[in-house]
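Take a look at the letters that make up each chain.
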Amino acid sequence: MTLTDQSQAAPSAPAADTAPPATAPPRSTMQVRKRSGDLEPVDVNKIVRAVARWCDDLAWVDPLRVATRTISGLYDGATSAELDRLSIRTAAEMTGEEPEYSRLAGRLLANFVRKEVAGQGIASFSQSIALGHAEGLIGDATADFVARHARKLDDAIDPDADRRFEYFGLRTVADRYLLRHPTTRLVIETPQYWLLRVACGLSRTPAEAIAFYRLMSSLAYLPSSPTLFNSGTRHTQMSSCYLVDSPRDELGSIYERYAQVAALSKFAGGIGISWSRVRSRGALIRGTNGQSNGIVPWLRTLNASVAAVNQGGRRKGAACVYLEPWHPDVEEFLELRDNTGEDARRTHDLNLANWIPDEFMRRVEADEPWSLIDPDEVPELPDLWGEEFDTAYRAAEAAGRIVRQVPARELYGRMMRTLAQTGNGWMTFKDAANRTCNQTARPGNVVHLSNLCTEIMEVSSDSETAVCNLGSVNLARHLLIRPDGRAEGVDWARLRATVATAVDFLDRVIDINFYPSEQAAASNPRWRPVGLGLMGLQDVFFALGLPFDGPEALELSTRISEEIYLTALETSAALAARLGAHPAFSQTRAAGGKLQPDLWGVTPTSTARWDALRAAVAEHGLRNSLLVAIAPTATIASIAGCYECIEPQVSNLFKRETLSGEFLQVNGALVAELKRLGRWDEETRQALKRAEGSVQGITGLPEETRRLFRTAWELPQKALIDLAAARAPYVDQSQSLNLFLANPTIGKLSSMYRYAWASGLKSTYYLRSRPATRIQQATVGVRPAAPAEDAVACSLENPESCEACE
Amino acid sequence: MLLDPGMELTLRPMRYPHFYDRFRDAIKNTWTVEEVDLHTDLADLRRMTPAERHLVSRLVAFFATGDTIVANNLVLNLYQHVNSPEGRLYLSRQLFEEAVHVQFYLTLLDTYVPDETERHEAFAAVENIPSIKRKADFCFRWIDSLGNLDELRTREDRRAFLLNLICFAACIEGLFFYGAFAYVYFLRSRGLLNGLASGTNWVFRDESMHMAFAFDVVDTVRREEPDLWDDEFEAQVSEMLAEAVECEVQFAEDLLGGGVPGMSLTDMRGYLEHVADRRLELLGIPARYGSANPFAFMELQDVQELSNFFERRVSAYQTGIGGQVSFDDEEF
Chain A
1 MTLTDQSQAA PSAPAADTAP PATAPPRSTM QVRKRSGDLE PVDVNKIVRA
51 VARWCDDLAW VDPLRVATRT ISGLYDGATS AELDRLSIRT AAEMTGEEPE
101 YSRLAGRLLA NFVRKEVAGQ GIASFSQSIA LGHAEGLIGD ATADFVARHA
151 RKLDDAIDPD ADRRFEYFGL RTVADRYLLR HPTTRLVIET PQYWLLRVAC
201 GLSRTPAEAI AFYRLMSSLA YLPSSPTLFN SGTRHTQMSS CYLVDSPRDE
251 LGSIYERYAQ VAALSKFAGG IGISWSRVRS RGALIRGTNG QSNGIVPWLR
301 TLNASVAAVN QGGRRKGAAC VYLEPWHPDV EEFLELRDNT GEDARRTHDL
351 NLANWIPDEF MRRVEADEPW SLIDPDEVPE LPDLWGEEFD TAYRAAEAAG
401 RIVRQVPARE LYGRMMRTLA QTGNGWMTFK DAANRTCNQT ARPGNVVHLS
451 NLCTEIMEVS SDSETAVCNL GSVNLARHLL IRPDGRAEGV DWARLRATVA
501 TAVDFLDRVI DINFYPSEQA AASNPRWRPV GLGLMGLQDV FFALGLPFDG
551 PEALELSTRI SEEIYLTALE TSAALAARLG AHPAFSQTRA AGGKLQPDLW
601 GVTPTSTARW DALRAAVAEH GLRNSLLVAI APTATIASIA GCYECIEPQV
651 SNLFKRETLS GEFLQVNGAL VAELKRLGRW DEETRQALKR AEGSVQGITG
701 LPEETRRLFR TAWELPQKAL IDLAAARAPY VDQSQSLNLF LANPTIGKLS
751 SMYRYAWASG LKSTYYLRSR PATRIQQATV GVRPAAPAED AVACSLENPE
801 SCEACE
Chain B
1 MLLDPGMELT LRPMRYPHFY DRFRDAIKNT WTVEEVDLHT DLADLRRMTP
51 AERHLVSRLV AFFATGDTIV ANNLVLNLYQ HVNSPEGRLY LSRQLFEEAV
101 HVQFYLTLLD TYVPDETERH EAFAAVENIP SIKRKADFCF RWIDSLGNLD
151 ELRTREDRRA FLLNLICFAA CIEGLFFYGA FAYVYFLRSR GLLNGLASGT
201 NWVFRDESMH MAFAFDVVDT VRREEPDLWD DEFEAQVSEM LAEAVECEVQ
251 FAEDLLGGGV PGMSLTDMRG YLEHVADRRL ELLGIPARYG SANPFAFMEL
301 QDVQELSNFF ERRVSAYQTG IGGQVSFDDE EF
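Residue numbers (the UniProt record's numbering), protein chains in the order written: chain A, 1 to 806; chain B, 1 to 332.
The set of hints was computed from the structure by calculation and includes no laboratory data.
Quick reminder that beta carbons are idealized off the backbone N, C-alpha and C, glycines included.
Among the hints, erroneous ones may be present.
[As the list claims (entries may be wrong)] Derived lysine-lysine pairs resembling DSSO-like cross-links, with alpha carbons at most 30 Å apart:
hint, chain 1, residue 1, chain 2, residue 2
1, A, LYS46, A, LYS152
2, A, LYS689, A, LYS718
3, B, LYS133, A, LYS689
4, A, LYS718, B, LYS28
[To be verified] Just so you have them, the derived chain A footprint on chain B, three or more residues with Cβ under 8 Å:
hint, region
5, 60-70
6, 98-108
7, 157-169
8, 238-248
9, 325-332
Please work from the sequences and hints to get the whole structure.
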């Protein structure tokens with residue numbers, strides 16, 4: 001196909017009500033069993049009509065192909081419900097050849113869900129809420145609110161908004177987010193009822209609820225999963241993250257932490273917990289005159305406890321353990337996720353993070369020894385950072401209060417090895433986290449750890465567990481689109497409006513939230529932190545044609561983060577004027593007039609607004625001590641149908657693996673570009689698959705296309721770090737920054753993480769890498785004539801016989 | 001030459017460095033059964049239809065013995081004839097992997113089939129389930145075809161060796177197992193049996209390597225002894241694959257007999273024929289069927305995975321990472 005105009009090139013799909021198509025459909029002798037129990041011959045035309053209803057604006061979809069392929073997968077005597085479900089899956093499976101099939105499958109699924117809801121006699125939003133309340137799912141306050149405003153709220157429902165979902169997003173929603181009847185297990189809310197229910201759980205007036213519903217249903221913003229799961233229900237645990245300080249070095253405290261972690265996990269919270277205060281292996285236990293077994297056995301118990309908690313069947317509990325690298329058990333800690341060695345010293349379900357002081361990195365750089373110190377002996381280290389830490393650490397060394405020394409580089413090398421082999425053992429930086437944190441203006445207020453995803457940086461203590469509730473702006477829905485369908489820039493006004501609404505609703509969660517532990521309840525109302533993040537940055541770059549590592553991308557990305565942070569502060573100041581500053585405001589850096597750009601020493605662009613903001617903060621304070629955190633958005637980005645947070649795409653063609661199953665995802669922007677170039681054909685699809693989603697080897701593509709559509713594996717990771725460092729002055733918490741190296745080596749990793757530290761980042765997240773070998777692809781033709789990789793690869797084992805070098 | 005009888009011990013200079021490279025790659029893929037989390041599978045099994053449960057029970061019964069058969073053939077027939085120490089390194093590694101697979105499926109069966117009598121029946125599938133017995137008979141016939149040869153002296157011996165090797169690589173690992181993988185991935189594409197699927201992912205990756213190594217051996221032998229290969233030989237291989245397809249189709253008739261929406265017998269046959277064609281193409285033999293792959297969910301296996309780390313263990317990491325700490329590596 002060589003036509004360049006998409007609308008001309010599109011095959012003519014039958015209009016919604018005109019069937020059958022010109023070619024005669026194949027005859028079938030198959031029968032289906034209807035709900036009445038009667039058998040009826042399978043009618044291709046009937047399936048074609050059922051599909052074509054949803055294709056009015058999907059020019060590239062062929063309903064006949066969906067129908068015939070559905071029948072091909074059917075067995076004689078299947079039920080009509082099985083037929084419906086199969087047609088949805090069949091359409092979804094055709095996404096690989098044409099992304100519009102994902103839209104079709106989403107619509108078929110939405111229709112299926114709506115039928116399931118209606119089949120229980122639920123004809124409106126308010127009826128759905130009433131049933132949910134009667135069944136003990138919906139909370140009294142929300143049920144009452146909806147009953148009082150039933151008509152207004154019912155009228156606000158926009159069933160057409162379901163059309164915005166891609167199949168994968170809606171499948172996730174249907175399988176895990178929609179409330180189900182406790183006994184029949186049928187869903188009792190449609191996707192739109194669900195979003196309005198979430199909005200009602202956080203609103204005081206119908207107008208507020210409807211405005212918030214419209215924002216979410218436009219997919220321009222989504223709160224994080226716990227809010228989407230629990231808002232409006234009887235268990236309003238809506239926070240994503242809990243940061244639990246290390247247990248004190250005593251039995252009672254350790255067991256208290258297990259109980260707290262279990263309670264926090266139960267309602268979908270993710271846990272970060274430090275273990276730096278607990279004595280190491282071989283340390284004396286005075287009570288029994290025995291020696292400690294160190295932290296590993298305790299972490300094994302934590303592992304078992306976390307794995308046992310099932311978050312309402314929706315996902316397993318999850319926790320990340322933080323340890324400072326001076327802890328004498330650090331080497332065993334780094335092996336906790338190895339898949340070899342004694343299983344009694346492994347914790348396969350815990351995530352691991354290193355909480356690294358600058359002193360360690362300096363010694364790595366200088367190739368000096370590093371001292372391992374028992375917290376039993378020097379208990380103050382976890383509470384110190386910056387120069388105070390350096391002084392105390394060196395004093396302990398000078399006094400000989402150490403367990404032993406190791407070369408700093410050797411330990412650093414072990415950290416790198418753990419990252420390469422498990423992706424875990426995240427590098428997070430204690431001094432950077434404290435230096436610019438708004439909460440650490442006063443001594444004694446210390447950030448002791450981050451959370452499960454390394455983006456939350458809040459102070460904690462033995463009696464205060466830090467809490468954060470999150471939400472993310474979908475940048476892909478904040479583009480200015482020209483009449484010809486092309487994007488021309490960011491819609492700043494819309495972005496400001498979204499952020500203002502988002503911050504208002506994140507702030508409300510703090511008061512409505514159910515706190516599963518007293519330590520969590522003690523912290524959150526004082527500091528009122530929230531974590532507004534973003535997703536779809538890659539969508540914006542694709543839409544505007546900006547390569548991820550180009551200067552324009554860096555500038556735009558930084559500008560977006562400034563706009564989000566500035567607007568969030570403006571909103572929080574306005575909330576403070578109305579409702580009062582958060583109680584601990586006087587203890588913050590903001591109270592001393594220092595906002596993030598000041599602490600980072602950068603000059604923002606919107607100077608007049610920053611000046612006005614400073615005046616407002618000086619007068620009213622801020623409602624929230626922290627506002628911005630860039631979370632991974634793994635699940636909500638798929639619901640919104642955009643790329644995850646600040647990440648580059650991992651591949652132009654990949655599958656998502658989730659609890660709901662596996663789903664093929666194709667880069668829609670690339671497909672549109674290839675269609676424009678007349679290259680979206682079977683040959684290109686096979687080539688793309690063979691190259692595991694890379695376009696670099698596809699012949700005849702313009703250089704700029706190749707450059708734009710590089711994958712995370714093909715981008716210099718420096719660019720990801722540089723983008724993160726440039727936006728850091730507008731992120732008062734931190735960022736879940738994944739890094740990607742297909743074939744990591746200790747050398748590459750040590751350089752990369754040193755660069756990240758030197759750039760001032762507070763944290764990094766997973767190291768992603770690739771398997772050493774690939775499967776034999778089952779559905780791709782055997783590699784054409786081109787020589788096999790093995791043949792050209794230089795074998796250092798036998799240089800004499802290596803033809804590649806001759 | 002590779003098939004010359006003997007016990008070559010010299011690794012330097014290395015005659016077949018590509019075998020050694022494969023050995024090293026395989027080591028990077030090390031995984032253990034303890035990493036597989038089967039706990040959600042039991043809940044899935046309870047909510048599956050009787051027809052689907054039948055499919056699963058037959059499938060695991062096949063798995064229970066399949067890898068053991070492959071391992072036996074490796075020891076009894078292949079190892080002694082591949083006269084290259086680096087090739088034998090790879091085969092030793094493969095043997096370890098087969099053992100891990102056996103352990104995985106053993107653990108799986110113990111978990112899936114709590115009733116002891118049923119469990120014993122599953123492990124005895126080769127004797128008492130006809131559709132599995134037929135596949136096993138096919139394997140045994142080819143194991144026996146080489147059973148009496150201590151040395152590959154004649155052209156006929158060597159052709160028999162190649163046929164055995166191709167049978168295990170293309171028909172058993174490359175077709176029977178690929179059939180089995182299709183059922184597993186079909187279920188996973190619908191969110192079912194994630195534990196089985198994550199273990200199978202790793203098995204699949206290993207089997208792909210085994211097949212690639214075997215084909216590498218075939219290519220090497222063909223280069224060294226071109227006269228072993230002729231039209232008659234090709235016809236034999238093609239016939240053998242056709243027989244394997246029929247074996248696997250009758251297995252599918254058993255598995256799908258209860259009616260499983262989304263996986264019809266017609267489609268399964270098409271898939272198997274498609275896979276058989278790929279194997280023939282890899283060997284440079286004309287495709288036999290010309291069938292297209294009807295299973296879109298198998299395409300999913302051919303592309304990169306992106307897991308939600310909250311929900312799944314990720315299988316993409318390597319072991320045995322090398323190198324020294326340095327700060328001037330610019331390649332990141």
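The hints, checked one at a time:
Under the criterion of a C-alpha separation no larger than 30 Å, the hint pairing LYS46/A with LYS152/A is inconsistent with the structure, at around 37 Å. With a CA separation close to 27 Å, the supplied pair LYS689/A and LYS718/A stays within the 30 Å bound. Annotation: proposed proximity of LYS133/B to LYS689/A is violated, straight-line Cα distance about 37 Å (limit 30 Å). With a C-alpha separation of about 26 Å, the suggested pairing of LYS718/A with LYS28/B holds against the 30 Å cut-off.
Given a C-beta distance limit of less than 8 Å, the hint that chain A covers the region 60-70 of chain B is violated, as 0 residues qualify and 3 are needed. Residues of the region 98-108 of chain B lying with their CB closer than 8 Å to a CB of chain A number 0, which falls below the three-residue condition for coverage. Check result for the region 157-169 of chain B against chain A: violated, 0 residues qualifying (beta carbon to beta carbon below 8 Å, three or more required). For the region 238-248 of chain B, the stated coverage by chain A is violated: 0 residues have a C-beta nearer than 8 Å to a C-beta of that chain, whereas at least 3 were required.
Under the rule that three or more residues need a Cβ within less than 8 Å of chain A, the assignment of the region 325-332 of chain B holds, with 8 such residues.
Against the hints set out earlier in the document, violations occur for numbers 1, 3, 5, 6, 7, 8.
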